[in-house]
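Peer 1: Heads up: the protein sequence lines correspond to chains A, B, C and D, in order.
Everything in the first sequence is counted per the numbering used here, starting at 1389 for the first residue and increasing by one.
Everything in the second sequence is counted per the numbering used here, starting at 1389 for the first residue and increasing by one.
Everything in the third sequence is counted per the numbering used here, starting at 1389 for the first residue and increasing by one.
Everything in the fourth sequence is counted per the numbering used here, starting at 1389 for the first residue and increasing by one.
Simulated from the structure, these hints should not be mistaken for laboratory data.
Because identical chains share one entry, a pair is satisfied inside a single copy or across any pair of copies.
DSS-like mimics (lysine-lysine), calculated; alpha carbons at most 30 Å apart, straight line:
{"hint": "1", "residue 1": "K1725", "residue 2": "K1425"}
{"hint": "2", "residue 1": "K1603", "residue 2": "K1480"}
{"hint": "3", "residue 1": "K1725", "residue 2": "K1619"}
{"hint": "4", "residue 1": "K1425", "residue 2": "K1480"}
There are 4 protein chains.
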Amino acid sequence: MTNWPRMNLAAGPVEVPERTRRDLSKPVLYHYDPAFKEEFAHTSDLLKQVFRTNYDVVIMQGEAILGLEAAAASLIQPGDKVLNLVSGVFGKWFEFFIDKFGGETIELAVGYDDAIDPEDVRKALNANPGVKYLSVVHSETPSGTHNPVREIGNIAREFGVLTMVDTVSGLGSELLSPEEWGLDVAIAGPQKCLGGTPGLSLMSISPAAWEAMEKHANPLRGSFLSILDWKDAWLENNRFPYTPSVSEMYALESTLTQTLEEGVERVAWRHQTIAKACREGVKALGLELWPVREEIAAGCVTAVKMPDGLTDEQIRGTMRHRYGVMISPGYGDLNGKLFRLGHMGMAAHPTMLASQLAILERSLKDIGYPVQMGAGVGAAMDAIEGWDDAA
Amino acid sequence: MTNWPRMNLAAGPVEVPERTRRDLSKPVLYHYDPAFKEEFAHTSDLLKQVFRTNYDVVIMQGEAILGLEAAAASLIQPGDKVLNLVSGVFGKWFEFFIDKFGGETIELAVGYDDAIDPEDVRKALNANPGVKYLSVVHSETPSGTHNPVREIGNIAREFGVLTMVDTVSGLGSELLSPEEWGLDVAIAGPQKCLGGTPGLSLMSISPAAWEAMEKHANPLRGSFLSILDWKDAWLENNRFPYTPSVSEMYALESTLTQTLEEGVERVAWRHQTIAKACREGVKALGLELWPVREEIAAGCVTAVKMPDGLTDEQIRGTMRHRYGVMISPGYGDLNGKLFRLGHMGMAAHPTMLASQLAILERSLKDIGYPVQMGAGVGAAMDAIEGWDDAA
Amino acid sequence: MTNWPRMNLAAGPVEVPERTRRDLSKPVLYHYDPAFKEEFAHTSDLLKQVFRTNYDVVIMQGEAILGLEAAAASLIQPGDKVLNLVSGVFGKWFEFFIDKFGGETIELAVGYDDAIDPEDVRKALNANPGVKYLSVVHSETPSGTHNPVREIGNIAREFGVLTMVDTVSGLGSELLSPEEWGLDVAIAGPQKCLGGTPGLSLMSISPAAWEAMEKHANPLRGSFLSILDWKDAWLENNRFPYTPSVSEMYALESTLTQTLEEGVERVAWRHQTIAKACREGVKALGLELWPVREEIAAGCVTAVKMPDGLTDEQIRGTMRHRYGVMISPGYGDLNGKLFRLGHMGMAAHPTMLASQLAILERSLKDIGYPVQMGAGVGAAMDAIEGWDDAA
Amino acid sequence: MTNWPRMNLAAGPVEVPERTRRDLSKPVLYHYDPAFKEEFAHTSDLLKQVFRTNYDVVIMQGEAILGLEAAAASLIQPGDKVLNLVSGVFGKWFEFFIDKFGGETIELAVGYDDAIDPEDVRKALNANPGVKYLSVVHSETPSGTHNPVREIGNIAREFGVLTMVDTVSGLGSELLSPEEWGLDVAIAGPQKCLGGTPGLSLMSISPAAWEAMEKHANPLRGSFLSILDWKDAWLENNRFPYTPSVSEMYALESTLTQTLEEGVERVAWRHQTIAKACREGVKALGLELWPVREEIAAGCVTAVKMPDGLTDEQIRGTMRHRYGVMISPGYGDLNGKLFRLGHMGMAAHPTMLASQLAILERSLKDIGYPVQMGAGVGAAMDAIEGWDDAA
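Please take these sequences and the hints and turn them into a complete structure.
Peer 2: Right, dumping it as structure tokens:
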């Protein structure tokens, strides 16, 4: 049997605090038990606070890909023009959903190590009148980059274009706000920067998005993919469209509570600070960051170019099997071209960054790659200013 | 804040053993961690043993309604004739899926307190040449009844008709076998007789069902609803179509392990024995069973007619709020007409049946309904013969 | 391997709520971590509230027998006269401690199915001038009886006699108060009516008791048995005399918090109500209570005379092995003469009492003892008036 | 409220694996439940394997100081000559016990940064005929040193002297064997190198030690301090002298199981390897080790001289409060003179050593102490050769 890792420092699902997992393990309630309904309502309130929104929130009962597909399925009608922004694997994938539900994709793409320029969005919208929706990935986890979603969202609003925003690994790494940022449907995941368990889609829905779903020629209802089912059943009638994942909801309540106890501002600052320190550590080891510019590097994960002559199995396999530290490979088209150092949720902390980089150094040495032992950890720790867990 | 119940003796999700929940709370692994992939594969093997099948099994990452919709979405093509057997709320609901995916529904229905006669199925298939699929609910949880799925499945096979079988609350209450029973797509849930946590669909797929999905004019791929995605990704390439619910998989592994440790035969016997005892208890209290004949009463839950003059809130509310025992109301059209005493998973045990009936008696007394205190528990305990936890 | 019980309804240690055990399992802190010291201090404050005292409290790090021996060892000097009240096995045992530390025992004894009459205490104190200490067991768990400790304590105070009171299974079953009841050293356990884990001694110490310990010719210090070590180290200097049981302290904090959330009054009422109901159930089955009068029956456990012709193994063995319900045998000299139905902590609830009595009935039937099935549960449930978990 | 630490890297109690704590939280059994007795017996067997002994083992139900006092109390008679070896705070403390129980102490002492030379033991025994017992601390946790107990034990055996050995933090850091090392009463703790929870004394007793206890003029029985009670009750009659700490026993079973799964040899190697690496890290930072020679440095903890001009609060306070890493101060007389980096149990791993040293470096920088960032971690990781968690 494979040994278990000591630390899950991958690109998500990530380490989940024990407190969350103790809450996850609470006795399972019947979903119509009044105590569970109360808990579900409370958790929705907490989610609003973490999203910093007054929009309705919906918690769909499947991993975030469900929320993404649901958004496309609920909004897009045959013939709708959708401007799809592509700066990575996940952005590209969304085109499949647009096609599937009959939309017409207009693509604005950059390299998978780059980010979208908001001005190009403006140009594209000017050049393509009649665009109804814009889809964008906030944090491209596979590339370790992030897009300027705030600027993009506000440009979309100018054009009356509704936005579908994949902020699965973005929520928690920046201080977003659906209203101010112009996000109509925002889809996040608990298992990334919030440090929760996978299995749920966290969604914020603007009134305009609700209107579009309801005015759809064939509104999507009576389906696992339906967002409207949650509006009809839960939001308006305090019932569930089907049995929710009771235990996952306990974990989500715990995750959101902890996020708010710490403060969303501090959570975002913590991710940015550790991401910056991680990049300093990587550079000090003579390795290259994958993103073309540091300003577009993500707060959730640091993507590192695979050093010449080394394989994914050598680096990641050594770290994982010998020392118990799990990091992530390149995903999809990027496999073999990079590896990814996750620092989300509780992993966004100096202690775990130190472990991660120290084991990276030790593993590089094991496989014969020249490395100055301690250089990465030293540079990273040096870059962490103003940390204070007790504050 | 609402007080938590002491015992969840509802119609599912049900009480989950602590052992399962301790396993649920294990550290969250990255889904591509080798230890997790090993665990996922092992869990699939365990599921085969619990299903008593050599067919492929698929574990979809959402509550069983996902598996049911996925089956319909993956198999039914516009114009396909589907014989839908209806003996309750869930059977009736399936017609919605048939319609949604363009099928033509041929309904064979009985009262919601009755069960399908296999001979009527034969007649219907004779009367309706060209039927491609048959859909049936094994255990109609809302009615507390079960259908003779084995006989029905074998008749369908005679006619070359593929079956879609909702055995969500059936698996564990009877000794089923997809091959022998003629089940092409069987969908079960962990949160019923297996006593696990909700959030997954447990599916067994026959070769003929795979073939039908692949020969579909527009095979369903690239969707949360796709069963083929699991075949392409996991079964054939040891990859995941998307991030699985890591913690739920731990719980499922634990649930299945415990089921096999006890033995599926004993688990089924235990449910039947407790269901029988529960019915004796109900009758001894002068209450009426909902099913028209005891032979069709379900193994998972006992449905009881609402006594004249009493309301759901009186009975269930008193049991729940004063004494902490949660049972289930009538569902959908049956609301107010019956209440349901669940005895699934770890609740299928004399200790919990005794609590349930004693609190029912005490609550009936509290609300002024004439009841001979102890009569129900006494009759129920009397009916339990041959129990031996140590065996 | 032996099957695990479903329910621990014994005489203690008893079932511990999951919430407590989740808290028990928190990460282990270094005992001088400031977070642990804070938790220890907070737990001491909670204990004061549960004891309803302003006296100092001490939490010794071993099961209550440690606290009992420590009290004797710390107070008694060679030649000290100690009036030892004996109404059961535990009361008798204390004489051993008196002897060990050089005291002179004056015994006031009744049958092990009876309780001490306070007037006899007055007579004994009048008859024996110079008595320095009085030792008494509040709740004689082995006999299922309780002594009128309040009256006894106040008589002792009249005579200037210090009291050592074993309230191990008493705290939580009655509304005691060291000041008002005249208890100088009271020793309780978390694992009885408070429903916590075993491994700690909960002690309340009067100023007079502290003075006696310090004026001892050879004050007991530098020992695991020393109470003064806790005064010197913890109470006065915020240090530990040795490493405390960190996890047990977490559990105690949780136990006490839950006790206070429910309210000590309600906890005491709950024990008395269930004890009364249990006695009604036992009598309705034609069995005999062990105590000579019901007024002296304990709130924590109901002792039942062994029916003629039956053995402990038959009754308890059947209940435990076949049905998973653990109850307690007679202890020491009482072994074989009685069995004990525990109802402490979370077991003091109608649901668990129903299970216990139903399984007792079913087991009696299994072994051929004539019993009217349901009579015990019915009478017990009937006797429970005014229960309301939601209140 | 004080923030909780992220990592407990102190001198014990140390971080306890979650698996152990999940086992700790199992339902609490009545101590005479057959399942608990089976578990207790099984745990005793596991302890024998971890001690690598065929001697009897006793598990006393209190922290190791209980076992140490119990050994002295059970063995020493007034007038017995005891050679007490002193190389630190704990060794010195034992003299108090010798005095308390009437023994005559002959002290062989070295500086608290040094270790006992076995030849000096031989000389002392030659010079002091009639010595009956020898007491020694294997691993002096406060000093971060260890004594050559094997050599010392064998010399004692030559002289017919019985040994009392405090190996509280020694067991697990070296491959000891009571028979081969000449240990008559060895006392260990679960909360040190085994990485378990505090609250128990793990003892191995030689036949000669049993004989001495039984031939004691006043054999110690009927006390929390009695070892013979465990012999009479548990070893010979399968009963408990009093209620054991049920949950702590679960944790111990889990701890010992994990130790044996890993292999005691690997556990010892792991501690020595990490201790060596830690020392390299400390030296690379320009700090000084406390022990006079590296060969006597302990495997469980690394003691570091307090740098001139720095205070304990500066170093440890910064590490703990800002970064959540708890390490230990100097204890007793050594307070302020040194600080201690713990690496016991699961903390004896490269990931946690890296965190510890990185946070030490960062904290030194925070308080203005000159340090080359990364130097300590680099040197430590460099020193770890042959690590393989997957082996």
